[in-house]
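S.K.: Chains as they are written, first to last, in the working numbering: chain P, 1 to 496; chain L, 1 to 496; chain U, 1 to 447; chain F, 1 to 447.
Any given hint might turn out to be false.
[Said to hold, decoys possible] Heads up, simulated SDA-like pairs for lysine to any residue below, C-alpha to C-alpha not over 25 Å straight-line:
1. 436/U - 371/U
2. 228/F - 250/F
3. 369/U - 436/L
4. 23/L - 180/U
5. 436/F - 488/P
6. 117/L - 400/U
7. 197/L - 7/U
8. 388/F - 348/F
9. 367/F - 28/P
10. 436/P - 475/L
11. 370/L - 180/U
12. 16/F - 100/P
13. 360/U - 415/U
14. 60/F - 7/U
15. 462/P - 388/F
16. 436/U - 388/F
17. 60/F - 180/U
18. 436/L - 7/U
19. 436/L - 488/P
20. 396/F - 28/P
21. 388/F - 100/P
22. 451/L - 438/L
23. 157/L - 400/U
24. 370/P - 369/F
Since the hints were derived computationally from the structure, they do not count as laboratory data.
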Amino acid sequence: IEEGLSFEIGSYAQTGVDLPEPKGGADRLGGLNRNNDIGLPGLSEPETMRHFVRLSQKNYAIDMGPFPLGSCTMKHNPRLNEKMARLPGFGDLHPLAPESAVQGALELIDTLAFWLKELTGMPAVAMSPKAGAHGELCGMMAIKAALEARGEAGKRKRVLAPESAHGTNPATAVQCGFTVENIPADKTGRVDLEALKAKLGDDIAGIMVTNPNTCGLFERDIRAIADAVHEAGGYFYCDGANFNAIAGKVRPGDLGVDAMHINLHKTFSTPHGGGGPGSGPTVLSEALAPFAPVPYVICEDGKYSLVETRRAAKAEGESAESFGRLTAFHGQMGMFVRALSYMMSHGKDGVRQASEDAVLNANYVLARLKAEMTPAFEGHCMHEALFDDRFLKDTGVETIDFAKAMIDEGYHPMTMYFPLVVHGAMLIEPTESESKRELDLFCGAMLSLAKRAKAGEAESFKAAPVYAPRRRLDETAAARHPVLRWTPAQKAEAAE
Amino acid sequence: IEEGLSFEIGSYAQTGVDLPEPKGGADRLGGLNRNNDIGLPGLSEPETMRHFVRLSQKNYAIDMGPFPLGSCTMKHNPRLNEKMARLPGFGDLHPLAPESAVQGALELIDTLAFWLKELTGMPAVAMSPKAGAHGELCGMMAIKAALEARGEAGKRKRVLAPESAHGTNPATAVQCGFTVENIPADKTGRVDLEALKAKLGDDIAGIMVTNPNTCGLFERDIRAIADAVHEAGGYFYCDGANFNAIAGKVRPGDLGVDAMHINLHKTFSTPHGGGGPGSGPTVLSEALAPFAPVPYVICEDGKYSLVETRRAAKAEGESAESFGRLTAFHGQMGMFVRALSYMMSHGKDGVRQASEDAVLNANYVLARLKAEMTPAFEGHCMHEALFDDRFLKDTGVETIDFAKAMIDEGYHPMTMYFPLVVHGAMLIEPTESESKRELDLFCGAMLSLAKRAKAGEAESFKAAPVYAPRRRLDETAAARHPVLRWTPAQKAEAAE
Amino acid sequence: MRYLPHNDIDRQAMLKAVGVSNIDALFEDVPADALNAKFDLPDHMGEMEVERALGGMAAKNRAAGAGPCFIGAGAYKHHIPAMVDHIIQRSEFLTAYTPYQPEIAQGTLQYLFEFQTQVAALTGMEVANASMYDGSTGCAEAALMARRVTKKNKVVLSGGLHPHYGAVTRTNLELVDAKVVQAPIDVDASEDIASQIDDDTACVIVQSPDVFGNVRDLTPIAEAAHAKGALLVAVVTEAVSLGALKSPGEMGADIVVGEGQSIGNGLNFGGPYVGLFATRQKYIRNMPGRLCGETHDAEGKRGFVLTLSTREQHIRRDKATSNICTNSGLCTLAFTIHMTLLGEAGLRKLAMLNHEAACKTADALAKVKGVEVVNTSYFNEFTLRLSKDASEVVDKLASEGVLAGVPGARLWPHDSEAHNLLIVAATECVTDEDIKTFSTKLGEALS
Amino acid sequence: MRYLPHNDIDRQAMLKAVGVSNIDALFEDVPADALNAKFDLPDHMGEMEVERALGGMAAKNRAAGAGPCFIGAGAYKHHIPAMVDHIIQRSEFLTAYTPYQPEIAQGTLQYLFEFQTQVAALTGMEVANASMYDGSTGCAEAALMARRVTKKNKVVLSGGLHPHYGAVTRTNLELVDAKVVQAPIDVDASEDIASQIDDDTACVIVQSPDVFGNVRDLTPIAEAAHAKGALLVAVVTEAVSLGALKSPGEMGADIVVGEGQSIGNGLNFGGPYVGLFATRQKYIRNMPGRLCGETHDAEGKRGFVLTLSTREQHIRRDKATSNICTNSGLCTLAFTIHMTLLGEAGLRKLAMLNHEAACKTADALAKVKGVEVVNTSYFNEFTLRLSKDASEVVDKLASEGVLAGVPGARLWPHDSEAHNLLIVAATECVTDEDIKTFSTKLGEALS
């Protein structure tokens, strides 16, 4: 059953809520009353329920099957976390309630901060970034503030990042007023240390490196990289998107990192929710800690309080030179509760085991798929396995076709065409949530697809998906003539 | 993706819960410790989630589309009710907590009782029946107890019920030690009053009549029927399954009823949940009220208390001759909360409007489908529209084929082959929850199916359903060689 | 009204299509003076108002989780994993109908099949049905079934049977003129129930752990019953006990009925709960209630259907084995999910934690002056004999925030011998601090 | 560990398939001395233990619904229909990824398209994006966008703008050497912000209702801005106000940013929230954030996709309009559901109830000695000038169970002029009794 837009099936008179009748007479709106129609149709409650349930059934989700999206880390989302986040003491708490009324909330933020600092081996953490990219911004802002404090902000404008970096890295650097240059990769898919060194100088603000990197590989030279950058007077920003491969095993603080954001929705399983909300607390080294954003929580004699302005920060800690404020309130509290619930449930042993299982699962997939597919690099991987499209050579099947064919097998495609350093990349991250049974089924389906591609069945790949709610969608047309909203004219058309 | 049984995919060592380690040493089990294997596999939490989500996706549900099941009343289930039932003060309340700790729960039961008595115009209600059929049992037990009190239980053993009655009616009567005889119907689908009168006598315990009846028709002679039965010394049990057609419009107490159960899950929308739990409070007339079961709630000076035994009932009300106890505790409290939430949300105006809309929707469907289908009786209907299979004559399509073809159109079939008084019955109850838009789509699909059947497409009807998770299932084989559980032997087989 | 999709334009259009000018024309068969009655009830309310009204009532109750809770006697406070309540609220489960159209109800049917298998395994029986309303009604149905199977008339109730189960069974059995023999209250499991079994006995009904918490060996009773051609009906009110105790099936029970609330289901002030009902394969056509069976579809794929409906009221009408029409569908699902999460390993551990909590609680309370622990064996529940009426003690402790257990007078109000008894349950939810608070306050109440 | 499906047998088999003897062989690239670090953290806990720990923290907070609550200033306590929270927890929405594979993400994409349409309608703008993190970050993005569109450098902030929004905007703008001019605190909306606009001005940012609750007429400011080639960025922190007030679009705004929390989303101690971002069609290629657009599939059926990704970081990298990567997906869904339930009729009614509650509250408080109501116009929030420091008053009332509002010192700690101000919000959740309690206790605190 096709489900129309609410704008097509609702009416302006209908409503799905019952409210008391206004008494009338009140009008202190300064003469700015709304007189026109707004254009918002309503639906009764049963119609609304059915509308959204029907829409939901057009989605794929981790609760339905594997989501082997490399670099995206789609793992199990425990419902305990949802329950905890909805406790009235958290879910129904006003961000500007007096400190005396929010002691438990501040305690929770402080407790989560402790876990994050302990797991990363870093001395400080900024909790307010609202998502991973916001955390990157936070880290790069701290670097900029540190450079300013050193009087070198005007001089140090260059930031280096590998070509394989997430797009957010260069975008963030630019948003901070830096320019970005690529660091070349070596043959093993890792940063070319010598080439990096050649780019360093006294105009370097810092580097942005993901580790494990987006090829699913650990940067072997990580300490040498950190040392070289530090020696050149720059800072080391680590993109923490792949922290889930090493959490509980390795502390980034032991590797020379100055700042790293943590995607709570990846590593600590707060749900992706179709694209958000995320949460990106950012751990900071001693060097960067003084520049952390406001607000933050402090605790004295068991009483928690908030430092909410730069001036207050300065008054509180003498070296504090907070770079300012990232968001209106305290960050993604709802995500904090979920992440802490997840962490406490795992404990240090479980976090470690989860990382180990994630790496084991990726290597198992790598080992099994090798039979028909072409790994991009030699050797083992960390939490994700990267393939290129060599195995599809001359088959007429491209990476995107392979991906869409997976849909017809009941799977969400892997990440495709990323990282950019590999031709027709296919990046597979099973996560620790997949059982051996699920992985065996998945690998079986992948191997069978690869064989079919090689057997000359390109046509069926080009036609895929066939069994999805929609066949392939025309993204070019969407971008060429953007239709970003429904308009009443469409309703009239539909009625014709 | 086919989902195996948990017994096939789980293992005895796996568990999806984390519990503290027992300290060991405690053993006061009287030497009756369990030593053998139990045979219960476990799954990790992510596997469990996926197992049940995948299973759920093989179900049809009211939140997905219409469920036009006559006599079953599948209407919208508001989520507010679920939320209310889960308030710790209700959901986490022990049935044997002291009265001082459950005053709000007793108040809720008393408040719901007030609504039910007011809506039915009856002076008393027994709240503890656990389902509709249990409510019937309660009503018939009260009748038996009343006959006993009159010293006529030995003599009055006959109960009359229309052929169109729900199967529970005769089954209940027999469970109370009565025998059952059919009352014939007249040509309009209603009780034949003269034929009924002819069967009355001083051996009559009572009658069981559904009103509106299962043909979707209101028993025009309802008062004459009640009078005749009362004159003969019998009682009038009304099956309240179809109360949803008249709630807020008509009070059964005004029609001469002595007892009637109320299906909270039908009329007041507590969810069906794939077959239960139900809840069947039973209203009682002055004549039957003294025989109501224990426990029940009384209120004095704003303090609520429970009467829990027959002796206590006798002590509390001098005429009380409670027939005893129906269930361990106080009835389906979780359903009470939901039903009261529903009732308060509707109010008397909403309950009335819901009944009117339910009747309007059924008549609208009747009016539209008449074009291609054959109504079983002339004239308007109440909340459900009954068709027979005359329109399928000579098409080779039977009622069951028509029903299964509806599945391929995206609909749950209507009730079929019930009531028994009509050949190849199709009983359609849209309920008040369906919008005109949904009804128009539904009627369009039904008319198109009827045309296709007449156009000689019997083969496709016989093959239906094609687009369901399963093709037609062999119910005969299931009954002939009952396999009611998985056994380890099956696992071994599957592994081969 | 937010639940009603029509507006008045829709209604007018539909009335027109139906061919009447107003809605009451469709109610023409209703006696005119009975139509459009007046009701002394409020008009519709918004969500916020309903939440306030019901929230106010809820706030007047003391939830089991609000503090120390030691109440059991047929309903138990356990911790339920969050996922259970999440899944049962999925639209596809919550708002589905009875699976009479199996092609689009395989979700419900497969979990029922899993449930039946779990219950059979747990009770040590060959087969189980898809659930009864609760344990107590299942008990009455078991007695009725025993009469059908044996064609005998007498039913013997142990003195350790939960008195509410006894009352429900009596109410149902007396209707069909069965003879019900109730043994006297048997606090310490010393009765000789076997001696009550005679040639006219259809069944003997024995609970273990019994209502006082005693663990009873059913083997000799089963032997005695079978020797007379009677059946043994075993009752289990605490399903978690089956993770630690020998199953009734192993001890020779013919029918096992149980209350499944402890697995997956909240206390809910007594309902909805989920009745477990298991028996031997040979009796399946005499069973009450819904049964799910395996079969295959037209393409040979495995599938599940409701089966043996020739026992049921909707087919057999006055010849049915029972009038039961629903099962406890959603509670069954909660049971199945929780049991799947637990698995054998988790269930055993959970049972052991319960037993340890009870042992610890009993040891602490035994030290209180005026307290005697009655039991020599128990699982997670035991009985105290206090130096005064237990009801007073319970009321006093409730006013201090401790839910102390079930006083004898609550279950046997007319039997003063029982009034000093206090039935105390301790589950995995009980903390050391709860035990300490309880024993301290109990000591104060008894001094 | 309950979340991990492998047992050790699985792990051994998989290690073997991979060709290593132990897991650490797969971590061979990690410096040996950094591998297997020690952590000062507890081991894994069961659900019950986690619930106790987190429940304990939650219990130390005072929920807005626990008593009278008059706090607003950018986050509002509204009643959210139960269905909203139910639907957003459906697996298919909660556990779906960003809809990069549109063929199996039409559910997410269609509601984003509906959301964009709703936001555009509500703000009176032509287009909206699929949301920002929250209102404050949206405000900073709007300023950056205005710089891109106008190629000018100066940003003027009204004295009625929420100071946190101002701070976030400054923090972001200073990074790229923009000039940020902050007008002084403007309690009674008397500033002449238009005079601050010059030829170098990229935009002027004005909030209405402003942080003190005043309703501001944006039309003259828009005209002044447009005369100088600058944009007007209108900020709305209370989305419900748009049901009663003329939309910013009608008054000439070029970009509207707003906080959408009030519709469908809980207070959550400040996040996650949902930033609304709307503008004119001609600026779409300069917009930040995710956009959903209509298209068709290979069979010609209508469908939706993420579009104009050439603005976004994952395609454009260092040339992107913003580094933003996620949106507030699930909060967006909550907004969309609640707005669909409300519809135009419900939203207008809800807005009017809010306005009435505020008028009633203001009238009651105006009678208290030591209280002066500052505003002449407001929607559901207004400002009091008290006879003493408002922070003390708020703390005192909090200890008595009343959440009285936001004291000036909380928002402007370094500006003592503001310290006697108290910003008070009243929504549909406020009862007559709440108002009475508040005014009584306020009177006591000020006497």
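S.K.: Would you mind marking each hint as holding or not holding in the structure?
M.R.: Evaluation of the provided hints:
1. With a CA separation close to 15 Å, the supplied pair residue 436/U and residue 371/U stays within the 25 Å bound.
2. For the given pair, residue 228/F sits about 20 Å from residue 250/F by alpha-carbon distance, which is consistent with the 25 Å threshold.
3. As the CA atoms of residue 369/U and residue 436/L are separated by approximately 72 Å, the hinted pair breaks the 25 Å bound.
4. For a cut-off of 25 Å, the pair hint linking residue 23/L to residue 180/U is broken: about 44 Å separates their Cα positions.
5. Distance hint between residue 436/F and residue 488/P is unfulfilled; the C-alpha atoms sit about 46 Å from each other, more than 25 Å.
6. Distance restraint check for residue 117/L and residue 400/U: the Cα-Cα separation of roughly 37 Å exceeds the 25 Å cut-off, and the hinted pair is therefore not satisfied.
7. With a CA separation close to 45 Å, the supplied pair residue 197/L and residue 7/U exceeds the 25 Å bound.
8. A hinted pair counts as satisfied when its Cα atoms are at most 25 Å apart, and residue 388/F with residue 348/F does not qualify at roughly 37 Å.
9. In summary, the hint linking residue 367/F to residue 28/P is supported, as the alpha carbons are separated by about 18 Å, within the 25 Å threshold.
10. Under the criterion of a C-alpha separation no larger than 25 Å, the hint pairing residue 436/P with residue 475/L is inconsistent with the structure, at around 35 Å.
11. Between the alpha carbons of residue 370/L and residue 180/U the distance comes to roughly 56 Å, so the proposed pair goes past 25 Å and is violated.
12. For the suggested pair residue 16/F and residue 100/P, the alpha carbons sit about 56 Å apart, so the restraint of at most 25 Å is broken.
13. With a CA separation close to 30 Å, the supplied pair residue 360/U and residue 415/U exceeds the 25 Å bound.
14. With a C-alpha separation of about 47 Å, the suggested pairing of residue 60/F with residue 7/U is violated against the 25 Å cut-off.
15. Restraint check for residue 462/P and residue 388/F: the C-alpha separation of about 74 Å exceeds 25 Å, so the hint is violated.
16. Annotation: proposed proximity of residue 436/U to residue 388/F is violated, straight-line Cα distance about 48 Å (limit 25 Å).
17. About 56 Å separates the Cα atoms of residue 60/F and residue 180/U, which puts this hinted pair outside 25 Å; it is violated.
18. For a cut-off of 25 Å, the pair hint linking residue 436/L to residue 7/U stands: about 10 Å separates their Cα positions.
19. The suggested pairing of residue 436/L with residue 488/P holds, with an alpha-carbon distance near 22 Å, which does not exceed 25 Å.
20. Under the criterion of a C-alpha separation no larger than 25 Å, the hint pairing residue 396/F with residue 28/P is inconsistent with the structure, at around 30 Å.
21. For the given pair, residue 388/F sits about 20 Å from residue 100/P by alpha-carbon distance, which is consistent with the 25 Å threshold.
22. Annotation: proposed proximity of residue 451/L to residue 438/L holds, straight-line Cα distance about 20 Å (limit 25 Å).
23. Only pairs whose Cα atoms come within 25 Å are accepted, and residue 157/L paired with residue 400/U is rejected, the gap being roughly 54 Å.
24. The suggested pairing of residue 370/P with residue 369/F is violated, with an alpha-carbon distance near 81 Å, which exceeds 25 Å.
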